[in-house]
Amino acid sequence: KSKQVIMGGEQNLPSYLKNSPLTLYNKHVTLPLPFILPNKMNKEDCSINVNVVDDDGLNVHYIGLGLRDADSGIVRSNFPIPDKVGIFYFEVEVVSKGRDGLIGVGFCEKEVPLDRLPGWEPKSFGYHGDDGNKFESTGTGAPYGPLFTTGDVIGCAINFFNKKAFYTKNGKNLGIAFQNLPGNDYYPTIGLRTRGEKVKLNFGQEPFKFDIETYAETIFEDERNNHQNEITQWYNDLISQGIINPDNLQQQLE
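Using the working numbering, the first residue of the sequence shown is number 69, and each one after it goes up by one.
To be clear, the hints were calculated from the coordinates, so they are not data collected in a lab. It is possible that some hints are incorrect.
[To be verified] As a list, the in silico DSS-like pairs of lysine-lysine whose alpha-carbon atoms are at most 27 angstroms apart:
| # | residue 1 | residue 2 |
| --- | --- | --- |
| 1 | K178 | K152 |
| 2 | K86 | K268 |
| 3 | K266 | K111 |
| 4 | K152 | K231 |
| 5 | K108 | K277 |
| 6 | K232 | K86 |
| 7 | K277 | K266 |
| 8 | K111 | K178 |
| 9 | K240 | K108 |
| 10 | K240 | K86 |
| 11 | K266 | K191 |
| 12 | K231 | K108 |
| 13 | K232 | K277 |
| 14 | K232 | K152 |
| 15 | K237 | K152 |
| 16 | K277 | K240 |
| 17 | K232 | K178 |
| 18 | K86 | K152 |
| 19 | K191 | K268 |
| 20 | K191 | K152 |
| 21 | K191 | K232 |
| 22 | K266 | K108 |
| 23 | K266 | K240 |
| 24 | K111 | K268 |
As the structure is a computational prediction, the values presented were derived from the model and not from experiment.
Please model the entire structure based on the sequences and the hints provided.
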């Protein structure tokens, strides 16, 4: 896995991003803070009904009353996903479905309320385990995939090139869930609703169930082949911002 230096420390980048635009950006960045990736859940951006139980920020438990929808809770990741990453993927293991398995996996923007499951509010998107429905900025779900329960691993992928998102279950791609995604500052999000629900996040700290590396490699190659003009414009933007030095650009890219 490649590493990027951030604020005096190091961040492990998942290997599927080794050829991503983000890697190139971080390699040549001259700004004080390069783009960084979410790698755990944020205890400070968390509903009172859920608890991030470990310092690693990867285990999330429901601690609310679990009696009604108002007892729902979400937790967002520590950082938003930078759109220049191109593709981002994370997985969630259902450690326990708890009473009803009202578990939502998705992403949302910063201002979305913490007491609503993923997808129930504007700028929020989610796939729910109790009914297999997807929710796109509304409390009304649409059929999408199978139910999920204890022992299942649900993955969520966002493709910023085509503004689409899909989910996986136990390593199988379930197909496109959302398209024409309107925003950029999305935070990976977990939502829980009933007692006993427990999940564990994986941002690449462990091997993924889904073969995201092959998927990402194909997407990055297609983008290089089909959108060379856009990539050229992107590099021109980096040059104009002083991030890349055009005098020794070839040397920098080697």
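Hint check:
1. K178 x K152: holds, 18 angstroms
2. K86 x K268: holds, 25 angstroms
3. K266 x K111: holds, 15 angstroms
4. K152 x K231: The given pair, whose Cα atoms are some 12 angstroms apart, holds under the 27 angstroms limit.
5. K108 x K277: holds, 18 angstroms
6. K232 x K86: holds, 21 angstroms
7. K277 x K266: Holds: K277 and K266 sit about 19 angstroms apart, inside 27 angstroms.
8. K111 x K178: holds, 14 angstroms
9. K240 x K108: holds, 23 angstroms
10. K240 x K86: holds, 23 angstroms
11. K266 x K191: Holds, at about 25 angstroms.
12. K231 x K108: holds, 23 angstroms
13. K232 x K277: holds, 20 angstroms
14. K232 x K152: holds, 14 angstroms
15. K237 x K152: holds, 26 angstroms
16. K277 x K240: Distance of about 8 angstroms is within 27 angstroms: holds.
17. K232 x K178: holds, 19 angstroms
18. K86 x K152: holds, 13 angstroms
19. K191 x K268: holds, 24 angstroms
20. K191 x K152: Roughly 19 angstroms between the alpha carbons, so the hint for K191 and K152 holds.
21. K191 x K232: holds, 14 angstroms
22. K266 x K108: holds, 15 angstroms
23. K266 x K240: Within the cut-off at roughly 22 angstroms; holds.
24. K111 x K268: holds, 14 angstroms
Checked against the numbered hints listed earlier, the structure breaks none of them; every hint is satisfied.
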